[in-house]
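Number of protein chains: 2
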Amino acid sequence: MKPFYSSYFTLVKALLVGSLSCCNLSYAEQTQNVILIIGDGMDSQQITMAKNYYNTPRLLMDSLPVRAMVQVQTSAEDKPKQRVYVADSANSATAIATGQITSRGRIATSAKTDLDLKTIAELAQQSGYATGIVTTASVTDATPASFISHISLRACENPSMMVDGEYFGGTKTNCPNDLIKNSGPGSISEQIAQGQTDIVLGGGLKHFGFNTEDETSTVLALAENNQYQVLQQKTQLEQLNTNGKVLGLFGPSTMEVQLQGTDGRKAEKPNPSLLNHIDWRIGSVEMPATMGCEKNPEYKDTPDLALMSKAAITHLQKRSSRGFFLMIESASIDKESHARNPCGSIGEIKQLNQALQQALDFAKTSPNTLILVTADHGQAAQIIPDESLFAKVGVPIYTPGHVARIVTQGKSTMAINYATNEFPVEEHTGTEVPLYGNSVAQGLVPASTTQIELFAIMKRYLAL
Amino acid sequence: MKPFYSSYFTLVKALLVGSLSCCNLSYAEQTQNVILIIGDGMDSQQITMAKNYYNTPRLLMDSLPVRAMVQVQTSAEDKPKQRVYVADSANSATAIATGQITSRGRIATSAKTDLDLKTIAELAQQSGYATGIVTTASVTDATPASFISHISLRACENPSMMVDGEYFGGTKTNCPNDLIKNSGPGSISEQIAQGQTDIVLGGGLKHFGFNTEDETSTVLALAENNQYQVLQQKTQLEQLNTNGKVLGLFGPSTMEVQLQGTDGRKAEKPNPSLLNHIDWRIGSVEMPATMGCEKNPEYKDTPDLALMSKAAITHLQKRSSRGFFLMIESASIDKESHARNPCGSIGEIKQLNQALQQALDFAKTSPNTLILVTADHGQAAQIIPDESLFAKVGVPIYTPGHVARIVTQGKSTMAINYATNEFPVEEHTGTEVPLYGNSVAQGLVPASTTQIELFAIMKRYLAL
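Line by line, the protein sequences are chains V and Z. With our numbering applied, the first sequence covers 1 to 464. With our numbering applied, the second sequence covers 1 to 464.
Heads up, none of these hints are tricks.
Straight-line Cα separation of at most 27 Å, DSSO-like style, residue types lysine-lysine; simulated pairs: (1) Z/K79 x V/K392; (2) V/K411 x Z/K112; (3) V/K81 x Z/K392; (4) V/K269 x Z/K266; (5) Z/K392 x V/K269; (6) Z/K81 x V/K392; (7) Z/K206 x V/K392; (8) V/K411 x Z/K81; (9) Z/K392 x V/K206; (10) V/K411 x V/K392; (11) Z/K392 x V/K112; (12) Z/K411 x V/K112; (13) V/K234 x V/K295; (14) Z/K411 x Z/K295; (15) Z/K206 x Z/K234; (16) Z/K245 x Z/K206; (17) Z/K112 x V/K392; (18) Z/K79 x Z/K172; (19) V/K266 x Z/K269; (20) V/K269 x Z/K269; (21) Z/K266 x V/K392; (22) V/K172 x Z/K392; (23) Z/K79 x Z/K118; (24) V/K392 x Z/K269; (25) V/K392 x Z/K172; (26) V/K411 x Z/K79; (27) V/K266 x Z/K392; (28) Z/K411 x V/K79; (29) Z/K392 x V/K79; (30) Z/K392 x Z/K269; (31) V/K81 x Z/K411; (32) V/K295 x V/K411; (33) Z/K459 x Z/K318; (34) Z/K295 x Z/K269; (35) V/K172 x V/K112.
Source of the hints: derived by calculation from the structure; they are not laboratory data.
Work the whole structure out from these sequences, hints included.
Quick look at the structure:
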């Protein structure tokens, strides 16, 4: 029997250690997992829109005990030390994935110097963790791409885009330094096809249908040659039972979203009378009629984010006993805000929470799982008064932008304003963005943090 | 000497209690204070604007260990159970001050039924706490008024507004049920003058210059008769040394703000060319020139929020050994956003942080001080890209609203968009709002909360 003082100090130590760091005692020996869930464009306005629509003060993510705000970080391309105040998904995902601030459009490469930046997924893989990517966008889209590829321009998603590719609005894309013949890594789809990510699920099949740069096969065949089992149907995902690598491509491009406005309506312009056109103090204005949200008829057999997330988690457990890093993105919160469709965004926030449920369910059985939920940048949508604060003045008061008047499940009308530009696609905004963490995040995440700190937090947790 | 097992268990208990609730051991015996700091309209966009302008990832409030988001709560006037998704400062301050959701424009009164709702300041006073209000608005403005008065309409700030008063934009105000002759409490300034709040500091002198409803004296004389020492100069505040009640009125209405845009410029409309007027895809647009922020030349001897806060804290300590409730408002974050002046808002966020420094300094010597910093509702301002995300498309892309292009202390350009309406005054928005708390708030404030829960948290902390 030990002398009493020994057990006495053992008890004291156990109490102290227990309260301070209960789960780090056998840190190196245990399985550790990180599940990073990104709501693209999911700022505080978007989250409130979803809460209002579903008539609840709290979504599932609000049940998480850790909450912080994250500074979004972007630099100028030509002056990497100069800040730019509004990000795109490429540079902001790069900041989270690599811990380095870069310029808009860049995928895990440095501003000006164009160096490849090691990602959290690559570091995890090197240390024996399994890695996975799940997204409702193309798997080649900026957010997923920033974790598992390196390229100077996000639009170089497939071999056809590398030289004089045609992109959004007729803009030309060129990634000459990234061509394989110039000792580069090739287009994003080629990099994914040749990569070692254990499971990649999302849309973007079209980017794998092109021939590879050397024209020897399609990118899809390249992936199959690299031992990827390719899935294209929801049923294949439901029945997934393999120990090998998996590439799921469930649609040509961005996956369908779950909700749309009634009859496919989006935000619309108020219609002022002729008199009001002449002088803002007179005449009248016809506001867009209210609408509800309805199921998107195109959604059909699209696998949802929860199903993809669950499948990825199950699969990753098989792939390494060390644990895994998994990035899950609900991509179209952003894309539907660009398109002025609040119902679209709201449905995808619901999807994100359903995916979070899968992560939380898993963490019950695997408690050393750090779950972080965040956004990559702000978006255009604003909840504005359906009746102006100044309605009593008696003049027509209305947004110069587009507005959608959504009847919520609380049977009240929520007006969503989109007014960052008059272009067919709205801008992002520069607001700091929310972060939520599970109990494992307690003590790891400060109340106010930055995107590059998120990288450091995940890296530290996985002891990379 | 006690037997050993006693000291053993005492130690174990001390360790456990120490780690779980170090400061609650003599809960009832100790002085307890609540300092509630409200940034009017201080949503995540506004906070990011200030961080960007001052070129820092963290303001002082970001150093606080507790962070949460707060649902803003508003009801319809005729259907008090139906939600309205955008608040004004009256109903949102009422929710925080009384724990009851009400309709826009109401000051601590209930929607439809028009009942007076007991405020946290009144409850604290009844329990022997000292109470104080500090604001950069008129002390009769919606936020401060909701803590220390009760009236059906926020515009009824003084006796002249109670019957056919003329308010913003020529709207008429009437508060017949609140007239003293109708057994009501009178206008807001009369209620403050007749009240028992230990210290009230801010602007709004003009509301005290009117005769009282019974025409027997001015409202200011009413306050003096009610034993208020009235201050009107910064030097009087600096030299304050009284044990009595204090009413400081440092300007006729809203106090001057610290910053303005260069040469007083605010956000302006982009100026499209004639061709672009004809078709959005052609022509060009002239954007407003960049500007800096400069000192407001009208600020002069205005006492700043930190000075007022420090004076209030010092004074409240004299007034009760039980402790105090103090509400501090930086009001013009909101007012300057209504007016499309981002520099104005930014300077007032700095003022809020300077006031917070006073609160934190005090809490070092009086550790049972719960400090909460929050906003009452969102505001119009959005940080948008100074160069559009879609600039490469080559067409003119610009906001339909007003934009200010601010050169920050980081020597980069931040574009602030105001586009909720075309009226001279922007709208609020419906976003959930930030909350920060000091270490005392740990365990008291959930990561996701509501305005009426904030009331309950403060009430519980003061054991009211």
